[in-house]
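K.L.:
In order, the protein sequence lines correspond to chains A and B.
The first sequence begins at 1 in the working numbering and counts up one residue at a time.
The second sequence begins at 1001 in the working numbering and counts up one residue at a time.
If you're looking for bench data, these hints aren't it; they were derived computationally from the structure.
Every residue, glycine too, gets a C-beta built ideally from N, C-alpha and C.
One should not assume that every hint holds.
Said to hold, decoys possible - With beta-carbon atoms standing in for the labels, derived distance ranges: (1) B/Phe1265 with A/Thr286: 30 to 36 Å; (2) A/Trp179 with B/Gln1120: 47 to 53 Å; (3) B/Met1181 with A/Val191: 45 to 51 Å; (4) A/Ile80 with B/Leu1085: 55 to 61 Å; (5) B/Trp1117 with A/Leu301: 29 to 35 Å; (6) A/Glu81 with B/Asn1264: 30 to 36 Å; (7) B/Val1242 with A/Trp176: 51 to 57 Å; (8) B/Leu1153 with A/Leu133: 37 to 43 Å.
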Amino acid sequence: MNMINKKANIVLWLVLIVFLAFFPKLFGIYYTNMVVTFAIFSVFATSLNMLMGYTGLLSFGHAMFFGFGGYGTALALKHIEGIGIFPAIGFGMLAAVALALVLTPIMVRVTGTAFAMLNMAFGQLMYVLALKLYTITGGEDGIANFPIPGIFTESLRNSPEHFYYLAMMILGLCMWLMWFFTKTPFGQIQVGIRDNAKRIDYMGHKVSQSKAVIYILSAAFAGVAGSFYGLFHNMISADGSLGMGMSFTPIIMIMIGGIGSFLGPMTGVAIFQLVDELILRYTESTELVMGVILILVVMFLPMGFMGLFSMLKFKWKARSTGNAKMEKAS
Amino acid sequence: MDPTTVMYVSQGLQGLAYGMILFLIASGLNIIFGMMGILNMAHAAFFMLGAYICYQIVAMTGNFWLGFLFAPIVTAALGVLVQQLFLRKAHLLGNFGELILTMGIASVIVAAIKKFWGTQNLPLSMPDSLNGMVSVVGISYPAYRLFVIGLALVVLVLMMLLLYRTRLGKIVRAAVSDREMVNALGININLVFMFVFGGGIWLAGLAGVAIAPILTVFPGLADQVGMDAFIVVVTGGFGSLVGAFIVSIIFGLLSSYGVQFLSNFAPVLMVCFMAIVLVIRPNGLFGVKE
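Looking at chain A on its own, in the form it has when it is part of the complex (with noise of 0.2 Å):
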């Protein structure tokens, strides 16, 4: 049984793969456009879901790494004459992961309100600070038209196909690494500290040092989802990456998808597409709409679509095995 899993595994993530390769040609630039947003936000929810589902902190200011990735990568390529494409993201993410260094004695003091009010309150400086400092962000108007260099010699300004494929893999990259730091002793201490921090503290392991490891990991991970956005829209501006709505968005993402599973953002952020996709074609009123889904989402499937999901699993399991049962009866 286990061997047949293992192939049927390999071959899921073998057509996915191949899937993925093709789409451009199969779907379009419209629709490619749409999966390297897709893929720039679950990263970005992941990334938070790490703080918040996995560690329990909630975050109001999860977009100011999410920026920085973006000013960083922007900041790097305007200035730094000839710079590859690779060191620029990790410039992004280095500019990410150098807040976070600064902030986290701050941040492993707190929990719960506190935290979420104080990444919320840096987030708003960092905000200010983007639309003030204009001769290094170009304040409101944000930073525009930096070169792009490919991954060879041609500019992947003009080739969002090349682009596509290069988002496809650093920020799949990203998304296993998160899912293989999940499965990792120190991962699973995470959850312990969401579960019962006193007990995890008893057992030996230091709350707060973990506590520091998985803010700076999570801001990296947004830096480089930041850093992705930057790059797609060729530009970076405060209110597009630093605002308080960046902020909410993933939350909204990841309850709407489920909190807790390391699927649950990825699913919040198709719906979340999606649903924009639709209220664009049919309606005005996204608010209204949106309100509602949050409200019944909320009284209905209170651990999110991934949590619909695994209970009818469930379901389906308990039937076929009480029908395996019932055949050995008879």
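Chain B: place on chain A using the hints.
P.N.:
Using the frame of chain A, we list chain B on its own:
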């Protein structure tokens, strides 16, 4: 008095009035947040709804005081309805559930407001009796703003009396610290929380009515003051009315003097203040350690 002093004092009074409006919103948020533990993201939306309902009543009857009296009550009734229908169930899911639910309710309210009243600024004229200038220590100052300052003071005193001098206040405070025990003593806990939530939303509606003649009524009203009120509650300490009052005054003054002296960074003075307070005291200035 020389003109500079006059300017400083009137600037300070301006800030004080804004601080008092912040306190009216924050006090409601504080009793819901501090006593029921609900992160009510819909509070600002109810605040705005209060302003709109007041506008509607004034538009129909032409009497500001009717709106002043009934708009907060209608808002509170809607709030209690929402609490009984949705929040009671979501409470079982913990903070994240309530957070998202109230976000959803907030955006439904905003959508409904845009549908019924449109997106333009609706003017609400002050009552004639308060539409003049009053001379305070030699400075002429709008009477309506003085009325708002007085209103906030009355609310503070009444709430302190209600919470700390009456049987009802005792029950509410007991219910906060041990819900099950109070329930076991034969007190209808659901009714108590309904009262607390209704009271909080009533205060939000009152704040909406109070601010409407100053800022006019428009759909962005909630964003403008909603987050500020939230920051006041967190900085002052959960469940502490005195904390909320003092921080409201500080924030009001910060915002009015900040625009004058540090205009570049006026929008973040409040969050900076909050950050400093939270770093030193994670439970807020007057918060009790859990």
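K.L.:
Would you mind marking each hint as holding or not holding in the structure?
P.N.:
Going through the hints against the structure:
1. B/Phe1265 with A/Thr286: 30 to 36 Å: 32 Å, holds
2. A/Trp179 with B/Gln1120: 47 to 53 Å: At roughly 49 Å between Cβ atoms, B/Gln1120 and A/Trp179 fall inside 47 to 53 Å, so the hint holds.
3. B/Met1181 with A/Val191: 45 to 51 Å: Since B/Met1181 and A/Val191 have Cβ atoms about 32 Å apart, the given range 45 to 51 Å is violated.
4. A/Ile80 with B/Leu1085: 55 to 61 Å: Roughly 57 Å apart at Cβ, these two residues keep to the hinted range, so it holds.
5. B/Trp1117 with A/Leu301: 29 to 35 Å: Hint holds: Cβ distance 32 Å, inside 29 to 35 Å.
6. A/Glu81 with B/Asn1264: 30 to 36 Å: Cβ of A/Glu81 to Cβ of B/Asn1264: about 32 Å, so the range 30 to 36 Å holds.
7. B/Val1242 with A/Trp176: 51 to 57 Å: 52 Å, holds
8. B/Leu1153 with A/Leu133: 37 to 43 Å: Cβ of B/Leu1153 to Cβ of A/Leu133: about 41 Å, so the range 37 to 43 Å holds.
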